[in-house]
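A.B. asks: Sequence:
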Amino acid sequence: MDPRSPDVLFAAMWERERKAWNLKEAGPSSGIYQTSDAGATWQLISSTESGFPQGEGVGRIGLAIGYHDDLRQVYAILDNQDRRPPPDKASDEKSLSKEALRTMSKTAFLELKEELISDYLKKNDFPEKYTAARVITMVRKDSILPEALVHYIEGANSLLFDTPVTGAEVYLLSGEGSTWKKTHDGFLDDIFYSYGYYFGQIRVQWDNPDNLYILGVPILHSTDGGKSFQSVNGDNVHGDHHALWINPSQPDHLILGNDGGVNISADAGETWVRANRPPVGQFYSVAVDDADPFHIYGGLQDNGVWKGPSDYSGSLRWEMTGQYPYRSLLGGDGMQVAIDPRNDHQTVYTGFQFGNYFRLNTQTGNQEYITPKHELGERPYRWNWQTPSTCPDTIRTFCTWDHNWSCDQWIRVRILSQSVVT
1 MDPRSPDVLF
11 AAMWERERKA
21 WNLKEAGPSS
31 GIYQTSDAGA
41 TWQLISSTES
51 GFPQGEGVGR
61 IGLAIGYHDD
71 LRQVYAILDN
81 QDRRPPPDKA
91 SDEKSLSKEA
101 LRTMSKTAFL
111 ELKEELISDY
121 LKKNDFPEKY
131 TAARVITMVR
141 KDSILPEALV
151 HYIEGANSLL
161 FDTPVTGAEV
171 YLLSGEGSTW
181 KKTHDGFLDD
191 IFYSYGYYFG
201 QIRVQWDNPD
211 NLYILGVPIL
221 HSTDGGKSFQ
231 SVNGDNVHGD
241 HHALWINPSQ
251 PDHLILGNDG
261 GVNISADAGE
271 TWVRANRPPV
281 GQFYSVAVDD
291 ADPFHIYGGL
301 QDNGVWKGPS
311 DYSGSLRWEM
321 TGQYPYRSLL
331 GGDGMQVAID
341 PRNDHQTVYT
351 GFQFGNYFRL
361 NTQTGNQEYI
371 TPKHELGERP
381 YRWNWQTPST
391 CPDTIRTFCT
401 WDHNWSCDQW
411 IRVRILSQSV
421 VT
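Note that the sequence shown covers residues 1 to 422 in the working numbering.
One or more hints might be untrue.
As the list claims (entries may be wrong) - No farther apart than 16 angstroms at their CA atoms in a straight line, the calculated lysine to aspartate or glutamate pairs in the EDC-like style are these:
| hint | residue 1 | residue 2 |
| --- | --- | --- |
| 1 | LYS94 | GLU111 |
| 2 | LYS98 | ASP142 |
| 3 | LYS24 | ASP119 |
| 4 | LYS129 | GLU375 |
| 5 | LYS141 | GLU111 |
| 6 | LYS94 | GLU114 |
| 7 | LYS94 | GLU56 |
| 8 | LYS106 | GLU154 |
| 9 | LYS182 | ASP224 |
| 10 | LYS227 | ASP185 |
| 11 | LYS373 | GLU17 |
| 12 | LYS181 | ASP224 |
| 13 | LYS98 | GLU49 |
| 14 | LYS24 | GLU49 |
| 15 | LYS129 | ASP119 |
| 16 | LYS98 | ASP119 |
| 17 | LYS106 | GLU147 |
| 18 | LYS182 | ASP344 |
| 19 | LYS227 | ASP252 |
| 20 | LYS98 | ASP125 |
| 21 | LYS123 | GLU154 |
| 22 | LYS94 | ASP70 |
| 23 | LYS181 | GLU49 |
| 24 | LYS227 | ASP189 |
| 25 | LYS182 | ASP142 |
| 26 | LYS373 | ASP210 |
| 27 | LYS181 | ASP210 |
Hints in this document: simulated from the structure, not taken from any laboratory.
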């Protein structure tokens, strides 16, 4: 809503379609509309002639309005899903890319320098057993084609989230003009990644719109109308930002909402106070062990996996003593937890989103990645966001002491199948 003319409103439309197996997060119906009669009629102001991006890549749009004296400034942040242009070949000669491997012949691959192949394997986290020499031998013997090095790392999740899209862009419509102009040069990296559908928020100081904030995985601040940005994601500020209020009479006073709660700043984001009272959180799962008194384990949405004593009486005293009895075991979106009752419950199996599971020792802090891996020549296994999907009690029922399996065997079968084994 225009702060000086409430009959003037701007609305963003977003074409999206989400299914269990796919997310279409952009499309040509996305766009920006304006009304000057309190919504009785609307006009598209992001048409082809307007300078605003068009087509299948136009994703979620966020809007904000401010004024330079009597000149209205409308800002839009766009999740642009159009693919980035390929890198300059001259700058890419020293590295091996997926795009090159995808169409590379056997002959061309065998002419590559071994260090180029080794660097590719290391950058893409191939298991140590796949050395450059072994891979070259596999290609020479026709065990695999060069494109297998692409297929190995290109699973359903990577195709969804790791594609090189344009990403976050900020546009400005000034005054009564009809042309949108991008405020910045180049790409705004490490803001949306490929999760732009999750964000789409921009805020401006209404009487000084050169002062603006964009919200994504971090929160960024600009004081020059979006030409440049600086992160104000403080050390005690969580990621994934979705809400921001700028005090209209004291613009350095901010209230920020994110996946970790609420933060407040009095100095335009240079420092933040954490204001999570009352504390709230979303648990994906809760588990307990057989200790006396028993411990409680939980995987939290975007806040890792935690362990604490069941006899703890919650209070704020720990903020004075620095002794908080709950401890973080793992990061990410904390998922299911299973506790081995042997060796004083030191061994815990848990993980985070998309099937990443570990064996942890809660005493030493040692952790080992145990998610099953495919072989070179195969496509990656596919994981749901939450994997496995049954409760820890199911794992306990079928583990070593009942079925003569090792916990490792059970966990591996359970993660692979994502269904109850009977």
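A.B. asks: Determine for every hint whether it applies to the structure shown.
C.D. replies: Going through the hints against the structure:
1. LYS94 - GLU111: The hint holds at about 14 angstroms.
2. LYS98 - ASP142: violated (19 angstroms)
3. LYS24 - ASP119: Distance ~34 angstroms between LYS24 and ASP119 Cα, so the pair is violated.
4. LYS129 - GLU375: holds (10 angstroms)
5. LYS141 - GLU111: holds (15 angstroms)
6. LYS94 - GLU114: holds (12 angstroms)
7. LYS94 - GLU56: Measuring from Cα to Cα gives roughly 33 angstroms; hence the hint is violated.
8. LYS106 - GLU154: violated (20 angstroms)
9. LYS182 - ASP224: OK: LYS182 and ASP224 at ~13 angstroms, within 16 angstroms.
10. LYS227 - ASP185: holds (7 angstroms)
11. LYS373 - GLU17: Given pair LYS373, GLU17 is violated - Cα atoms ~31 angstroms apart, limit 16 angstroms.
12. LYS181 - ASP224: Measuring from Cα to Cα gives roughly 15 angstroms; hence the hint holds.
13. LYS98 - GLU49: violated (36 angstroms)
14. LYS24 - GLU49: violated (25 angstroms)
15. LYS129 - ASP119: holds (14 angstroms)
16. LYS98 - ASP119: Distance of about 13 angstroms is within 16 angstroms: holds.
17. LYS106 - GLU147: It holds: about 10 angstroms lies between the C-alpha atoms, which stays within 16 angstroms.
18. LYS182 - ASP344: Violated. LYS182 to ASP344 sits at ~59 angstroms, over the 16 angstroms cutoff.
19. LYS227 - ASP252: With a Cα-Cα distance of about 20 angstroms, the restraint between LYS227 and ASP252 is violated, given a limit of 16 angstroms.
20. LYS98 - ASP125: Satisfied, since the Cα-Cα distance of roughly 14 angstroms is no more than 16 angstroms.
21. LYS123 - GLU154: holds (14 angstroms)
22. LYS94 - ASP70: violated (53 angstroms)
23. LYS181 - GLU49: With a Cα-Cα distance of about 12 angstroms, the restraint between LYS181 and GLU49 holds, given a limit of 16 angstroms.
24. LYS227 - ASP189: holds (14 angstroms)
25. LYS182 - ASP142: violated (49 angstroms)
26. LYS373 - ASP210: At roughly 49 angstroms apart (the allowed maximum being 16 angstroms), ASP210 and LYS373 break the hint.
27. LYS181 - ASP210: The hint holds at about 15 angstroms.
When held up to the earlier numbered hints, the structure conflicts with 2, 3, 7, 8, 11, 13, 14, 18, 19, 22, 25 and 26 and fits the remainder.
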